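Residue numbers for the sequence shown follow UniProt numbering, so the first one is 1 and each next one is one higher.
Hints in this document: simulated from the structure, not taken from any laboratory.
Do not rely on the hints blindly, as some may be mistaken.
Distance condition first, Cα-Cα at most 27 Å in a straight line; then the derived BS3-like pairs of lysine-lysine [as the list claims (entries may be wrong)]:
#  : residue 1 : residue 2
1  : 106       : 82
2  : 127       : 82
3  : 56        : 68
4  : 348       : 456
5  : 153       : 82
6  : 364       : 348
7  : 153       : 68
8  : 56        : 127
9  : 456       : 364
10 : 127       : 106
11 : 68        : 106
12 : 68        : 127
13 : 68        : 82
Predicted model, so just to flag it, every value in this text is computed and none were measured.
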Amino acid sequence: MAGSLIEDRRHLLLTKVVLPAAAAMIALALLVGAVLSMSAAGSDEAAVARQTRLAKIGLRQGWADIRKTQEASTNWDDAAEKSIATPLDAEWMDQNLGVWFYTYYKYDHAYLLDHAGRPLYAMVDGKRHAPEAFSAVSQAVLPFAADLHRRLKRGDTAAPPGELTPSASGLTRIHGRPAIVSVKPILSETGEVALAPGAERLHVIVRYMDGSFLQTLSSIYGIDAASFSTVRSSDASLQLRDTRGNIVGYIQWTAFRPGRQVADRMVPVLAVALLLVGAVLLWLLSRVLRSRLELEASRAQAQHLAFHDPLTALPNRALFEDRLSHALVEARQGGSVAIMLLDLDRFKNVNDTLGHLAGDALIKEFGRRLSALLAEGDTIARLGGDEFGILLTGAGARAEIEILCARVLMAVHAPFPVLGSEAHVGVSIGVVFAPESGTDRTELLRKADIALYRAKEDGRDCFRVFEPDMDATVRLRSSIEDDLRRALDRGDELSVHYQPQISGAGHQIVGVEALARWTHPTRGAIAPEQFIPIAEATGQIRRLGAWVMREACIASRRWPDLVVSVNLSPVQFRSADLFETLTGIVRETGADARMIQLEVTEGILLDDDALVRTTLTQLRSVGFTIALDDFGTGYSSLSYLRRFEVDRIKIDRSFIQALGQTVDSAAIVSAVLSLGQAMGLAVTAEGVETAEQRRFLEAAGCSEMQGFLFAPAMPAEEIDTLLIRSRLTDAA
Numbered sequence: 001m002a003g004s005l006i007e008d009r010r011h012l013l014l015t016k017v018v019l020p021a022a023a024a025m026i027a028l029a030l031l032v033g034a035v036l037s038m039s040a041a042g043s044d045e046a047a048v049a050r051q052t053r054l055a056k057i058g059l060r061q062g063w064a065d066i067r068k069t070q071e072a073s074t075n076w077d078d079a080a081e082k083s084i085a086t087p088l089d090a091e092w093m094d095q096n097l098g099v100w101f102y103t104y105y106k107y108d109h110a111y112l113l114d115h116a117g118r119p120l121y122a123m124v125d126g127k128r129h130a131p132e133a134f135s136a137v138s139q140a141v142l143p144f145a146a147d148l149h150r151r152l153k154r155g156d157t158a159a160p161p162g163e164l165t166p167s168a169s170g171l172t173r174i175h176g177r178p179a180i181v182s183v184k185p186i187l188s189e190t191g192e193v194a195l196a197p198g199a200e201r202l203h204v205i206v207r208y209m210d211g212s213f214l215q216t217l218s219s220i221y222g223i224d225a226a227s228f229s230t231v232r233s234s235d236a237s238l239q240l241r242d243t244r245g246n247i248v249g250y251i252q253w254t255a256f257r258p259g260r261q262v263a264d265r266m267v268p269v270l271a272v273a274l275l276l277v278g279a280v281l282l283w284l285l286s287r288v289l290r291s292r293l294e295l296e297a298s299r300a301q302a303q304h305l306a307f308h309d310p311l312t313a314l315p316n317r318a319l320f321e322d323r324l325s326h327a328l329v330e331a332r333q334g335g336s337v338a339i340m341l342l343d344l345d346r347f348k349n350v351n352d353t354l355g356h357l358a359g360d361a362l363i364k365e366f367g368r369r370l371s372a373l374l375a376e377g378d379t380i381a382r383l384g385g386d387e388f389g390i391l392l393t394g395a396g397a398r399a400e401i402e403i404l405c406a407r408v409l410m411a412v413h414a415p416f417p418v419l420g421s422e423a424h425v426g427v428s429i430g431v432v433f434a435p436e437s438g439t440d441r442t443e444l445l446r447k448a449d450i451a452l453y454r455a456k457e458d459g460r461d462c463f464r465v466f467e468p469d470m471d472a473t474v475r476l477r478s479s480i481e482d483d484l485r486r487a488l489d490r491g492d493e494l495s496v497h498y499q500p501q502i503s504g505a506g507h508q509i510v511g512v513e514a515l516a517r518w519t520h521p522t523r524g525a526i527a528p529e530q531f532i533p534i535a536e537a538t539g540q541i542r543r544l545g546a547w548v549m550r551e552a553c554i555a556s557r558r559w560p561d562l563v564v565s566v567n568l569s570p571v572q573f574r575s576a577d578l579f580e581t582l583t584g585i586v587r588e589t590g591a592d593a594r595m596i597q598l599e600v601t602e603g604i605l606l607d608d609d610a611l612v613r614t615t616l617t618q619l620r621s622v623g624f625t626i627a628l629d630d631f632g633t634g635y636s637s638l639s640y641l642r643r644f645e646v647d648r649i650k651i652d653r654s655f656i657q658a659l660g661q662t663v664d665s666a667a668i669v670s671a672v673l674s675l676g677q678a679m680g681l682a683v684t685a686e687g688v689e690t691a692e693q694r695r696f697l698e699a700a701g702c703s704e705m706q707g708f709l710f711a712p713a714m715p716a717e718e719i720d721t722l723l724i725r726s727r728l729t730d731a732a
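Put together the whole structure using the sequences plus the hints.
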């Protein structure tokens, strides 16, 4: 009963006192606000009109400035002579009629046309291009050029006020962008360069109005945040029309509204009055609202946690897939969707070397950088670990998505500051489009993952767009992966071939390189370039590498005078037990470690961590020699050769095969040989296929050679035969 009475009193106070008083205060505030709003609106309209006049003045002045700056370079004896010279002096054109205009005035395009409108020179975005680049803008420019040519031909040289030479200029749209086109004849200032009327060269300037032009308009005329739009979406705008009266678009800006500023100053006065009433109302209603708000907040928080990643606050996989499902509904009705899957490269190294806190900081910064690149309405999500997803609805052309991918790669290339240190990572990106590649969510994500895998397979730190043949490639890889596992279990399909290595001086066999070969029962011979990457990606390279090492050690006992080279995969080299594995095989087979040479690639040295240095030191301490394979194709660095102790460098076959074909190939090979001699390193040249290549290498002092000129890779039995024949030849 008491509780009911209290509730009745609360209700009475609310209906008889609080609400009427609040209504009166609100009515008064609305009346004052209406008067203030009308006054402010009138003041704002006048201010916008003034800004519109300024924008028109700025547009006309910018237009005139283009013609005048053109005239300064085209009404000139030197320009008249150079423009008709044959051949055209492209460097002079860059410095006076082309790149110069971009450098000093940020004009986007400059062209030189003959009297018939044929392009002779082109500058686009500050760089010289082939004259044919003019075709991209010819449809918009040629009407102006033709108009000026007709006037010149009939002797009409009337110039606009304040100018010395005639011109044809106006607004137009080029590839959807508003542009000022200005065409001026190149004339002799003194008249000493004779040009027949109508035979003059024409100089064309194209300046887009949605770039630096708007920045100049904003800074000089106080037009704030000027931008271009094809539709009018603001009262602070200036309509643009071309020479035929067609609407090109609108220049829009953030209007200066003094009336609104005055009104904003008056708002606090009204706010204080309303605050007094509101405070009382809030106090009375707070008890009722508090529980409801707390309940709603709890629900919102639970929903947020269910659909967002706690570390980055980005959407998680569940929300990403939900939004993707909705986007695909639109894609089935004619819309377009692009899906990007991103995976950080070398992220594990950051966790291993700097710790998980550093890894978390890197993930957060990566998410922030990605968010800064995307437009409103696009979705970026953390799908788990170091994997992210981007969903772009209403996706544009493939070229636009490729540009976005390139921007993502550039953003990741910048160092990541983490916990007082710097981390360097890359990113691999897989892209798929809907409906081009289907509209099933699961299938699209699978295809995006295939494209991501292809990016990693192609060297990481790049992007790949899904193509139908990738699907077949993945199935083939899966089949080869399974067959390789069975081949390793059975052992009867795999073999090791050996390619002889010949001394540079005496042409004697001094070593062999062990190379894995696989003869599939149905597919036949499978190239190492096909199955080795699969073995590395699936971890089978450790078994395969150990098997090749064992076969090579056994073979080395047949040829005690030959050095047997064995390739080590980067995946093998990063194994913590590599040293124990290799030394165990040597002990098991009874081989001499001093006659085993281990070949590693430059990529292994890039890690520059304690494991790499320790492993190299341990391997050399028991007698193995270390060769740096494919030298010159990666991050070749003198500092790596000094920091990591290696015994030999192998010049990549691409440089040897280029001998006599490219200008710099001989210089590069000679430089590598000199480097090896200076550092006391032996040098092997791979891929020697011609007698000319051999003679060059011999003359340059190469200590070893290897290639089809001498012998291809062959079974161990054929090496035996080759050695016997070599000994018989020497004895004879």
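_Hinted pair, alpha-carbon criterion (27 Å max): residue 364, residue 348. Please report holds or violated._
OK: residue 364 and residue 348 at ~15 Å, within 27 Å.
*residue 456 and residue 364: Cα distance at most 27 Å?*
holds (22 Å)
_Does residue 456 sit within 27 Å of residue 348, going by the straight-line distance between their CA atoms?_
holds (15 Å)
*Hey, residue 68 versus residue 82, does the alpha-carbon distance stay inside 27 Å?*
holds (20 Å)
*asked:* Checking one constraint from the list: CA of residue 127 to CA of residue 82, max 27 Å. Satisfied?
replied: Satisfied, since the Cα-Cα distance of roughly 19 Å is no more than 27 Å.
*asked:* Tell me if the straight-line CA distance from residue 153 to residue 82 falls inside 27 Å.
replied: holds (21 Å)
_For a C-alpha distance cap of 27 Å, please report whether residue 68 and residue 106 respect it._
holds (15 Å)
*Is it true that the CA of residue 56 sits at most 27 Å from the CA of residue 68?*
holds (18 Å)
*Under the criterion that the straight-line Cα-Cα distance not exceed 27 Å, is the pair residue 127, residue 106 satisfied?*
holds (12 Å)
*For the pair supplied as a hint, residue 68 and residue 127, is the alpha-carbon distance within the 27 Å limit?*
holds (22 Å)
*asked:* Can you confirm whether the C-alpha distance between residue 56 and residue 127 stays at or below 27 Å?
replied: This hinted pair is violated, its Cα atoms lying about 31 Å apart.
*asked:* Check whether the Cα positions of residue 106 and residue 82 lie no farther apart than 27 Å.
replied: Holds, at roughly 23 Å.
Taken one by one, the earlier hints fail for this structure only at number 8.
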